[in-house]
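J.: Listed below are the residues making up each chain.
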Amino acid sequence: MTTQLPLWVTIPGTLLLTGGGLLTVIGSIGLIRLPSFFARMHGPSLGYTLGAGCVLISSMLTSSALLDRAVLHELVIAACIFISSPVTAMMLMRAAIYRTVAGERGTRPFGPE
Amino acid sequence: MNTVFDGALWFAQLCLVVAMACAAFRLIRGPTAQDRVLALDTLNMNCLLTLLMLGMRSSSTAYFDMALLMALFGFVSSTALAKFLLRGEVIEP
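One line per chain: the protein sequences are A and B, in this order. Quick note, the first sequence lines up with residues 1 to 113 if you use this note's numbering. Quick note, the second sequence lines up with residues 1 to 93 if you use this note's numbering.
Derived by calculation from the structure, the hints in this document are not laboratory data. C-beta: ideal position from N, C-alpha, C; glycine also. Hints may contain errors.
[Unchecked claim] FRET-style restraints, in silico, Cβ to Cβ:
id, chain 1, residue 1, chain 2, residue 2, range
1, B, 54, A, 104, 43 to 53 Å
2, A, 90, B, 88, 14 to 24 Å
3, A, 90, B, 62, 32 to 42 Å
4, B, 25, A, 90, 21 to 31 Å
5, A, 4, B, 91, 48 to 58 Å
6, B, 25, A, 66, 33 to 43 Å
7, B, 24, A, 87, 23 to 33 Å
8, B, 6, A, 107, 50 to 60 Å
9, B, 54, A, 79, 18 to 28 Å
10, B, 4, A, 104, 51 to 61 Å
11, A, 68, B, 91, 44 to 54 Å
[Claimed, not checked] Sample of chain B residues lacking proximity to chain A, with all beta carbon distances greater than 10 Å (derived):
id, residue
12, 91
13, 92
14, 93
[What the hints assert, rightly or not] Reference listing, derived: stretches of chain B covered by chain A, where coverage requires no fewer than 3 residues with Cβ under 8 Å from a Cβ of chain A:
id, stretch
15, 36-45
16, 74-84
Make a model of the complete structure from these sequences and hints.
T.: Pasting the structure below:
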């Protein structure tokens, strides 16, 4: 980082970066610590949406200040993440429910547990 | 003032390293297949955020394109894996 960032970028950028990092690490610790898959699902899907939002806003602020114009590219990534993350979570959840029920009945058609 | 921002960048990147280690642990250890898919999705998201932070550090726009591609392909791959776990086939006739 060679150029000096103005104050109105530094303070929110720093806060958002710190918050985003903490949220992502909390989500990942949930991925390790929680007992069952249906509980583990929540950590990344919730923590990562908010953490990625924080980091994306911070990145938007920084590049806008560095280039001296409004840089809104990150909104595309934000839209992708915010649309795709719930869809992925829902499909994984359906697959997990199906595989759990089929495993209990002993009718799972393929694959290991 | 840049020192503070650099410190925040370092802190966030360290957090992401810890998060990647957690996701890799779950990817290797995960008792069920859906756990591994979830861990892979998490790892992909971690890499995306790391690329964004590298872009902020070096103020280059190439990292942004890589992050966008990772977002798109991560969604496709996770959905395909979930569909495979659900049906045993990705594209059904």
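J.: Tell me the numbers of any earlier hints that the structure contravenes, in ascending order.
T.: The structure conflicts with no hint, since it agrees with every one listed earlier.
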